[in-house]
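A.B. asks: Read off the chains here:
Protein chains: 2
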Amino acid sequence: MIDIPASLPRRHLLASSASALAAIGMATWTRSATAQAPAARPLPASASWKNPASVIVHSSTTVETKRSAFGTSIITPADQLYLRNNLPAPDASIVADRDAWKITLQGVQRPRKLTVRDLRSMGLETVAMVLQCSGNGRGFFPSKPSGTPWTVGAAGCVVWSGVPVRAVVEALGGLSPGMRFMTGTGGEKLPEGIDPKTIMVERSVPASAMGDALLAWEMNGEPVSLAHGGPLRLIVPGYTGVNSIKYIKQLAFTAQESDANIMSHGYRITPPGGKGDPSQPSVQEMTVKSWVNSPHPESGPLREGWMQIHGVAFGGLQAVKGVEVSIDGGKNWQKARLVGPDLGKYAWRQFVLPAHFSPGSYLVTSRATDMAGNVQPEQRVENQSGYNNTSWADHAVKVTVA
Amino acid sequence: MIDIPASLPRRHLLASSASALAAIGMATWTRSATAQAPAARPLPASASWKNPASVIVHSSTTVETKRSAFGTSIITPADQLYLRNNLPAPDASIVADRDAWKITLQGVQRPRKLTVRDLRSMGLETVAMVLQCSGNGRGFFPSKPSGTPWTVGAAGCVVWSGVPVRAVVEALGGLSPGMRFMTGTGGEKLPEGIDPKTIMVERSVPASAMGDALLAWEMNGEPVSLAHGGPLRLIVPGYTGVNSIKYIKQLAFTAQESDANIMSHGYRITPPGGKGDPSQPSVQEMTVKSWVNSPHPESGPLREGWMQIHGVAFGGLQAVKGVEVSIDGGKNWQKARLVGPDLGKYAWRQFVLPAHFSPGSYLVTSRATDMAGNVQPEQRVENQSGYNNTSWADHAVKVTVA
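So the sequence lines, in the order shown, correspond to chains A and B.
So for the first sequence, numbering that gives the first Met the number 0 puts the first residue at 0; every next one is plus one.
So for the second sequence, numbering that gives the first Met the number 0 puts the first residue at 0; every next one is plus one.
Next comes chain A alone, as it looks inside the complex:
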């Protein structure tokens, strides 16, 4: 059972940890429902280095990449990558001596505490992957679920470097018997006077996910920034962002899933109108998805002529096989071309289709297929919190050509 202090309404805890923090007076701020001028909202202190022209600041813990800012160079630069912190970022002092950061390893034959310096000696791997918030696409749900109304920009394709989790586990003698989950705990500072389980960031994924997981100290060629989880972040390729634990202070192989609220009740596929509970599917593996980034009304007026329709496509745990594009809202489809380097199955691919546009209105969208033959669906799966929206209909862009 989750122990909730009487002074804190349970719905706050279940709705979002940011609300819970607000209720106990920790400094966060959120977008006013009536706010109309995104440019006026300041970037969070930990992410003050982001490019304000490329992002939409929703709150002090949520920043989205503008759809028109996504380029065609596959890797999303750090200064335009989305930000979504479940709790405020820890004090910047934790990145002052990165190599001294400690992580406790549990559920292995020889549990121990390791520093980043230790980890650096144990192995090195690099992976390119889509980092995507579980709620990316929530903004397209007509039900307007609570939470940040992301459209497409709570996602990016980034490169991580660190030690493979499997190398660390091997060095510590392998898993203890019966351990079925890999459970990561974040190093955020928790407020006093509240049961940590109600607010801490702790997530479990199947232990098999350690196969390609990293304990990463580098993102896109630079030490992982505080905003993105430095000095050390657990990276679980193919899983939604919440499973890649920032400021990771403990990695435990466990017999059961974590009973922290964020795992047991949060991030569940809850029927509309319902409340999250452990019997519902957890939001973990990503599935096949794509969207068009250009043309887009944000990019300015469109003129008659040829355009290179382009966007991104990814498969979650599998590579993308192909992408089709429609300019009439899904009545007719044409095969797009995948272009640029292939950075591996966890990365997104960039697709391009040249098309001639006469004056008129168009509904432009894309539909990806993964290597297992799964096709991106037309419709979203309705759920209370607006998770896992992969609907190609929702991601369609209406453009007018003069």
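Source of the hints: derived by calculation from the structure; they are not laboratory data.
Given the structure is predicted, the values throughout are model-derived calculations rather than measurements.
Among the hints, erroneous ones may be present.
It does not matter which identical chain is used: a pair holds within one copy or between any two.
[Claimed, not checked] With a straight-line cut-off of 30 Å between C-alpha atoms, the simulated BS3-like cross-links for lysine-lysine are:
1. 334 to 344
2. 101 to 65
3. 320 to 397
4. 330 to 101
5. 112 to 65
6. 397 to 188
7. 344 to 320
8. 65 to 330
9. 196 to 101
10. 344 to 248
11. 143 to 320
Given chain A, work out where chain B should sit, using these hints.
C.D. replies: For chain B alone, kept in the frame of chain A given last:
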């Protein structure tokens, strides 16, 4: 013949365009021979956004990435990428309306002027490639050639997006007969009172290089910055950086190489003590090269134990087949592992070799082999200007383990 005003000593023009500019009073500054505190030198205005902790500022037109700043995530972030401009960057007004930038196409069946907006409609491709200054490694020449004493940091692996040159040529009816070179001309503002040919940035490469060349408007996911040649840069993968013309204002297919000084006399493999002339080999295609980035004395004190030796390797026009590492200055070699995504033949690969270090001194280096079987040489090829240094002996790092 090159026409040089009587007031300008010829040696200035041949030594470097920066010196020539200084001679006629254009604002540039260079590192004083006695300067000892790199941190005190300011970043050039056009590159003020670079990370000062990751770079060495040599002059107002030359900035080098620190060897210890190279990460292991393959792509070099823009804020630590080297900078080398042959002339001062144009005024920032040229990136105010990027789509309006014009380029003249010549030596094709239907020569014409095109805007970036036109180019965007004509095609889209993305390429990852090593961008490397011809003089990278010059600092290892005992002869101390004039020019920036780069060690390894006048190189990076970056991603470019733009229209394939071949798509533009096809759209303009193909090449005119007899055109053997692709000649790009930069859009830098040239000083009055001096023959443009003596100072302009104009380079020719074989017309066949257009096969993978781009006219690029995006680098690493963002519009190409002014410092790196925006709004439009010619990208010639596999060739040294000087051939990828910034602010390109003309792309001409020509029967002869350009007679601009930078082509006819500059960037030539000139015998030691000699002067550049058109009979000498031009610095164009890159060849197989690698170096170790870690361990490195800059990274701090090294302790006994396991280390992951890592670095980068590339083949120029060919992919890398493999890399060997030596910790005893080349007496013994061990095969390293290529790790991380493979971004194509023009990109560099990251290599890793775990090694146990007892207390002592080590001379750590690497030797790459390309797909054609070319092996990175032990010795540099001596030349007057210190170009094309691929010597694995020169790139060795001496480290001491306590």
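A.B. asks: Could you run down the list of hints and mark each one as holding or not?
C.D. replies: Hint check results:
| no. | hint | result |
| --- | --- | --- |
| 1 | 334 to 344 | both (20 Å within a copy, 26 Å between copies) |
| 2 | 101 to 65 | between (35 Å within a copy, 27 Å between copies) |
| 3 | 320 to 397 | within (26 Å within a copy, 47 Å between copies) |
| 4 | 330 to 101 | neither (55 Å within a copy, 38 Å between copies) |
| 5 | 112 to 65 | neither (40 Å within a copy, 32 Å between copies) |
| 6 | 397 to 188 | neither (44 Å within a copy, 42 Å between copies) |
| 7 | 344 to 320 | both (10 Å within a copy, 22 Å between copies) |
| 8 | 65 to 330 | within (27 Å within a copy, 54 Å between copies) |
| 9 | 196 to 101 | within (21 Å within a copy, 60 Å between copies) |
| 10 | 344 to 248 | within (28 Å within a copy, 39 Å between copies) |
| 11 | 143 to 320 | neither (32 Å within a copy, 53 Å between copies) |
Violation of the numbered hints given earlier is confined to hints 4, 5, 6 and 11; the remaining hints are satisfied by the structure.
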